[in-house]
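Same order as they appear, the protein sequences are chains B and S. According to the working numbering, the first sequence is numbered sequentially starting from 31. According to the working numbering, the second sequence is numbered sequentially starting from 683.
Some hints could be false.
Claimed, not checked - Straight-line distance between alpha carbons at most 25 Å, and here's what the computed DSS-like set of lysine-lysine pairs gives:
1. S:726 with B:111
2. B:157 with B:142
3. B:111 with B:142
4. B:118 with B:65
5. S:723 with B:111
6. B:161 with S:699
7. B:95 with S:723
8. S:723 with S:707
None of these hints come from the bench; they were simulated from the model. Predicted model, so just to flag it, every value in this text is computed and none were measured.
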Amino acid sequence: MEQNKRQRVTAMSTIADIEIKQINDGTLIGKLSCKYFEEPFIFVDFVDMIEMMEIVFDTKGFPEKQLLPRTFGKSGKRIKKNELDLSKAARERSRQGDGSSVFQSLACEALKEDGPSPTHNFELSVKFRHKAEWQGSLLWREKGVTSSFASIVELARLINEALINNL
Amino acid sequence: MKNSQLLETRREVGSVKGTFEISVKFMQNSTWQGQIHWVEKNQKQNFRSALEMLKLMDEALNEGAEEPVEEARNST
Chain B
31 MEQNKRQRVT AMSTIADIEI KQINDGTLIG KLSCKYFEEP FIFVDFVDMI EMMEIVFDTK
91 GFPEKQLLPR TFGKSGKRIK KNELDLSKAA RERSRQGDGS SVFQSLACEA LKEDGPSPTH
151 NFELSVKFRH KAEWQGSLLW REKGVTSSFA SIVELARLIN EALINNL
Chain S
683 MKNSQLLETR REVGSVKGTF EISVKFMQNS TWQGQIHWVE KNQKQNFRSA LEMLKLMDEA
743 LNEGAEEPVE EARNST
């Protein structure tokens, strides 16, 4: 009976915690944690973080995407539901193709370093993937403020506003 | 010190680049709609959102990243 029990994936299970910092030339680095990763995913720009979350959503099939993404001619790689081991995928992407954990440890050290810009913590909850975009809410933990967003453009603006206000 | 090492590592690994022309025609649903032109392959595709545009760029850059790193260094 236990083995046949299907684990439900809900909006609560795809919530991610983000720790983000702005370094040197304005590059964002951070850690992304969610219940499917054994260790946090280290990202070095906003796009990295978005791509990893897309992999999580596609693998878990939640939030379900409304539209199939367009590609350049050839059909792109599509992730099937539950196809990937998300922890392994996060570890491999963190290493950025150099095959080692050098990048990961450098990013972790950079996150710990004291500098002019502090680290910010957010809770990202993507509830829908309508119209080829994300819709959900972002909680800025330091201020206890939750804002909704209807696209990643709005999400980027919210994060940027938080980083600018705290510099 | 660690921050510059980090950026340098990333530049070396991601040294293969791509060139895109982006034409944003509409701004509906709090996002962008338009067309992206991948210059190296002369391919165009419409996008319905900024997310879709980023995914198209990522797909193009990953295809370009199959080129060996030594050749990429020599070409830049």
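Now the hints, each set against the structure:
1. S:726 with B:111: violated, 29 Å
2. B:157 with B:142: violated, 31 Å
3. B:111 with B:142: violated, 35 Å
4. B:118 with B:65: holds, 13 Å
5. S:723 with B:111: The given pair, whose Cα atoms are some 31 Å apart, is violated under the 25 Å limit.
6. B:161 with S:699: At roughly 29 Å apart (the allowed maximum being 25 Å), residue 699 of chain S and residue 161 of chain B break the hint.
7. B:95 with S:723: violated, 28 Å
8. S:723 with S:707: Measuring from Cα to Cα gives roughly 22 Å; hence the hint holds.
Comparing the model with each numbered hint stated earlier shows that hints 1, 2, 3, 5, 6 and 7 do not hold.
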